[in-house]
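> Each chain is listed here by its residues.
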Amino acid sequence: MQSLAIKGGALPSAHGKDPVSPSVGIGFKPVHYDAILKTKTGIDWLEVHPENYMSPGGPFMAHLEIMAERYPISLHAVGLSPGSPDPVDAVHLERLKALVDRFQPALVSDHLAWSRESDVFLPDLLPVPYTKEALNAVCDNVSHIQDVLGRQILIENPSSYLRPQGEEIDEVAFLIALAEQTGCGILFDVNNLYVSSENTGLDMAAYLAALSPEIIGEIHLAGHKRETSSGGDILIDDHGSKVRQAVWDLYSRAIERLGPVPTLIEWDTDIPELEVLVSEAAKARAIIEQSILERGNEHAA
Amino acid sequence: MNTLREFQNAFRSAVLSQPGGLGEADFAPGNVPFSAGMAIYRNNVFAKLIDALGDLYPIIKRLVGDEFFAYAARDFISAHLPRSPVLADYGDEFPAFIEGFGPAQSTPYLGDMACLELAHHQATHAADATVLDTGALKDVAASALSSIRFQFHPSCRLLHSDYSLKEIWQAHNKDGDIEQLADIAPGEARLLILRVEERIEMRELDPMEFDFITALMAGKILGVAFEESGGDWNPQEILADLFGLGAVTNINLSGGNYG
Chain W
1 MQSLAIKGGA LPSAHGKDPV SPSVGIGFKP VHYDAILKTK TGIDWLEVHP
51 ENYMSPGGPF MAHLEIMAER YPISLHAVGL SPGSPDPVDA VHLERLKALV
101 DRFQPALVSD HLAWSRESDV FLPDLLPVPY TKEALNAVCD NVSHIQDVLG
151 RQILIENPSS YLRPQGEEID EVAFLIALAE QTGCGILFDV NNLYVSSENT
201 GLDMAAYLAA LSPEIIGEIH LAGHKRETSS GGDILIDDHG SKVRQAVWDL
251 YSRAIERLGP VPTLIEWDTD IPELEVLVSE AAKARAIIEQ SILERGNEHA
301 A
Chain A
1001 MNTLREFQNA FRSAVLSQPG GLGEADFAPG NVPFSAGMAI YRNNVFAKLI
1051 DALGDLYPII KRLVGDEFFA YAARDFISAH LPRSPVLADY GDEFPAFIEG
1101 FGPAQSTPYL GDMACLELAH HQATHAADAT VLDTGALKDV AASALSSIRF
1151 QFHPSCRLLH SDYSLKEIWQ AHNKDGDIEQ LADIAPGEAR LLILRVEERI
1201 EMRELDPMEF DFITALMAGK ILGVAFEESG GDWNPQEILA DLFGLGAVTN
1251 INLSGGNYG
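Order-wise, the sequence lines are chains W and A. For the first sequence, counting from 1, position 101 maps to 101 in the working numbering; every step adds exactly one. For the second sequence, counting from 1, position 17 maps to 1017 in the working numbering; every step adds exactly one.
Among the hints, a few may not be true.
What the hints assert, rightly or not - Here are the simulated DMTMM-like pairs of lysine to aspartate or glutamate, each with C-alpha atoms no more than 25 Å apart in a straight line:
#1 A/K1048 <-> W/E180
#2 W/K29 <-> A/E1198
#3 A/K1048 <-> W/E167
#4 A/K1174 <-> W/E273
#5 A/K1048 <-> W/D233
#6 A/K1174 <-> W/E266
#7 W/K29 <-> A/D1139
#8 A/K1174 <-> W/D34
#9 A/K1048 <-> W/E266
#10 W/K225 <-> A/E1067
Rather than coming from a laboratory, the hints here were simulated on the basis of the structure.
Full structure from sequences and hints, please.
Rendered as structure tokens:
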């Protein structure tokens, strides 16, 4: 197993370089550009989808440059399609590499999902069947991405609505094997685990128990919505509201187990004022701080 | 179990509601029924693409209404699936599509308006370049003027339409009542579209100016471009405007480059 370039706490934090102090970020939205320039946000870093910043030039690129002068940047890709049986699209990977070279991001990530089938891109994170064949394909793709970018990437657990018939490995074991075989880290999306658990019956406690702190590079938190139908409730991972209390509870348990992992608030639909995202991030920071305090007390005792 | 490739190929067919798609038997029983689960993936794919098209073509969307736009966009998406994960690259075939879209024939200028919106979008995302200022032309010797060539800013686009698009454009951008303008009287539009710092500018051109810049952007020398635009008008104002707007990034002299 390769060594991990990034561990929890590698991102800078507003409280100094202490590796166990909390580090919280928010997804950067162009609509918040002016507000971020004018505000002392208390945020430690910003995350963007690199696919939104692949234009030759223009104001969006210029604004990201300005953000990158003020905040460390995390590039959270949605288009590498590591779950495809085919190699990663070479043109897209080169465009990502150009961004990585230009912005020197603190983190680079994508998802345990696929979005390309043959020559068509479907802009969603579609489910990978957890089989040995798929594990080999994802390992090949992640290794290739890391080789081309010259750095470690993180892979995020997806939100699931349907699970393919005949899977051979459970999700968390799939992710751990991927990390062991490629040296990638895991981006643990706590909301996705909650959504997948409600929708497909994943065992959250077992999942959390299987994860070890060394392979987790980042945590994501977001809102989801609940749709009630005659067949029962479906949770939809729409990133369109505050983090639900049940997800905060799961997050507290995750931080207790995994330590002060850098944590990001995502919000992609019905985007509110910047201060709403900032206050969600502050809530995450408070949970990490509380956990550090409790750990300290345990040590003292 | 299918191979990974077979699974994804059939999943794609199911998402796109095409024959040969995965069915209920291909998924493990869970809390989400197959049809509801597949509908979420399908909705995610189409909603993201419809939104991307709506962001690129906001005036078309306003002119035809959200519901009709989504209906047209679905038709377009099924025939033009994305070939790249970069959504800013998606939708450049939409103007031709909407122009030929049967249910939209009562508004004949939709195709041209979509071309204008696409030009706006492309100008927004075009490469950055350092531009020459107004003084640059004064440094060219009078004897060399007719044989110089201009390099234009990568954002520059020219557009000609048989409809007066600019009124609708301006009304939209001032949050005006564009619906009132939907029945515009026919009237031509000749426009130069480019990015000036972070804004998109449109300059209306008269026919001579339009032919002149068309020739210059095709790489013709100034003297030839002037001839092709009729040759009996004064190009001073448009030349000053080209430099004033920052449309020119370089002047190529026959023996080398300026600047």
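> A/K1048 and W/E266 were given as a pair; does the straight-line alpha-carbon distance stay at or below 25 Å?
holds (17 Å)
> Quickly compare the C-alpha distance for A/K1048 and W/E167 to 25 Å and report which way the hint goes.
The given pair, whose Cα atoms are some 29 Å apart, is violated under the 25 Å limit.
> Measure nothing beyond the straight line between the CA atoms of W/K225 and A/E1067; if it is 25 Å or shorter, mark the hint as holding.
Holds: W/K225 and A/E1067 sit about 24 Å apart, inside 25 Å.
> For the pair supplied as a hint, A/K1048 and W/E180, confirm whether the alpha-carbon distance does not exceed 25 Å.
violated (34 Å)
> Are A/K1174 and W/E273 close enough, with their CA atoms no more than 25 Å apart?
Cα-Cα ~23 Å, so holds.
> For a C-alpha distance cap of 25 Å, please report whether W/K29 and A/D1139 respect it.
violated (45 Å)
> Need the status of pair W/K29, A/E1198: alpha-carbon distance at most 25 Å?
holds (17 Å)
> Check the hint pairing A/K1048 with W/D233 against an upper bound of 25 Å on the C-alpha distance.
Cα-Cα ~23 Å, so holds.
> Does the alpha-carbon distance linking A/K1174 and W/E266 stay inside the 25 Å limit?
violated (32 Å)
> Would the hint linking A/K1174 and W/D34 be met if the CA-CA limit is 25 Å?
Status holds; Cα separation ~21 Å.
The structure fails to meet hints 1, 3, 6, 7 from the earlier list, while all remaining hints are met.
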